[in-house]
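Undergrad: Model the placement of chain B on the given structure of chain A, informed by the hints.
The lines below spell out each chain.
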Amino acid sequence: MRLSDRDKAMLDGAEGPANREAMAALVQLGEAFDAEDMVDIGYAHVHAGMAMYLGDVELMEDLASRGAKMAVPSSTNIANADMAEWQATRAPESLVRLQRRAETAHGAMGTGGCFTCTPYWAGHWPTWNTHMASIESGVTVFCNSVLGARSNRDGSFAVYAGMTGRYPRFGLHLDENRQPTHEVVVEAAPDGTTDFTALGYAIGAEVTNAVPLIKGLTRRPNLDELDALGVGMATSGGVAMFILPGVTPPYTASDADNDADLPSIRMGESDLRAVYDDFCSGEETGFDIVHLGCPHASFEEMKHYAALLEGRTVRDGVELWITTNRTVRQMARDSGLLKPIQASGAKVISDTCPISCHFARTTSPDPKLGVEPPTLRTIVVDSAKQARYIRDMIHCPTLLTSTENAVETAVTGRFIPRW
Amino acid sequence: MSEDTKFEGRGIVNGTVTGPALVSRTPFSFLGDVDIRTGDVIGELSDLKGRNIAGQVLIVPATRGSAGAWRFLHQLKQHGTHPLAIITGELPDPSVVQGAILSGIPIVSGLADRIGNQVTDGAMLRVDGDKGLVALE
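Order-wise, the sequence lines are chains A and B.
Each step along the first sequence adds one to the number in our numbering, with nothing skipped, and position 80 is 75.
Position in the second sequence (from 1) plus 7 gives the number in our numbering.
Everything labelled a hint here was simulated from the structure, so no lab data went into it.
Computed from a predicted model, the values in this text were never measured in an experiment.
Calculated pairs, DSBU-like style, for lysine-lysine (alpha carbon to alpha carbon, straight line, at most 30 Å):
hint, chain 1, residue 1, chain 2, residue 2
1, A, Lys64, A, Lys3
2, B, Lys84, B, Lys13
3, B, Lys84, B, Lys138
4, B, Lys138, B, Lys13
5, B, Lys84, A, Lys64
6, A, Lys342, A, Lys363
7, A, Lys3, B, Lys138
8, A, Lys298, A, Lys334
9, B, Lys84, A, Lys363
The shape of chain A in the complex, shown without the other chains:
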């Protein structure tokens, strides 16, 4: 692998012990995937350090204590507790205290601490051809497919990329891998973010690791729907990029016609319905929580929730959780959107979500924290991603429906299905 003078100097420790470790790890990664050299990155979405995982916050503290600093604009991924208003979720305070240590470590490293799976709604908006690294697969697919930035599905190494400003040139950093491998003809008329998570989920399950070319949508999805589409694919498959001609840079609308030789699949309404059916496993009257905001809600979605909840009251015995990032929550507060939401009894939670908080049963936090996941009967959700991971990580049934019907469900106490 060809290294720059600065890469070599970092390997020799010229930028301190943390960057030496980071560069050595990035070189090993590059050699594993036959990278010819490293690229300069312009953005990194990095690991938060998660309090629900043993020794995980310490990973970030260790880097910070050895002098690590972010070399490029960066943001932090979702965490395991709302660090400001944690009482609403009944998280143990011990967990919150540990989670805040990650916030301190990132502060020392100069990471943009938004603690979210949607850093773009907090203002991190990498542009066309920006090489980047991302720990969150939903961020990867949005940045590749909607913004035209270049990202692989990374793990913890996104933080090394952020510290060094470098990343090995392989995968979706190369033009040759940013070409369609499959054609998907959509014959359904998805509307709203839930439908788009379901469509994405159905596509990802079908194509697994691929770059699908999406055709047949009758209108340009809005930004929230584009986000939902990619997140769905990244959840059921290994999709890191889709191509929607006219949306995905640099593909123009006419590129939809140049795909004669690709394997082709069709997605009809029955495929969407099947995803809803799969994630409607819970009792229709026995739910504890209704959840909105997976991935973390945008400001536009907060406006939508506020309009839906204006003058309404969440039914006794039901909790309505709205999860977003701290930046959007602050904007919503300043814009007067939190008032009607909170007046309804709904909770607006940042930094975490049901699957990322102390509900998870597949994690193994330090026993000293005293984390006991609550017993939940059913969670109503408006996202196929949240549904999938509630099943896998909380081991709790779900009911999947549209955002509007989920709000009605929370208000009436009776589940209202999408179809």
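TA: Frame of chain A, contents of chain B only:
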């Protein structure tokens, strides 16, 4: 078929260890197939269900995709329930490679079939991730 005792694959993650073989014929997901507290395989799709990967040289044809795999490898290491080394057929996902580098778990790829056909569970293997070599002890 000759009885090989040395296998040359492709070194993916550095490090050298010796440990007992645990052979699987099904793709493995570090997110979901294994209980991090114990190292017990719990995934229905794995032919290792009911076995334990802690301290083993895990031989799998492929890793199944998940961007979260790195974290589970790191958690296995934190709990002392990690495999000593991993031998794959296909090149593993970037997330698995990142988790293995972070956790100091050597990986050699391109060998799962050849070794799986040659050794049985418990055979002692020396894995050299730097050179991509695996040797029957």
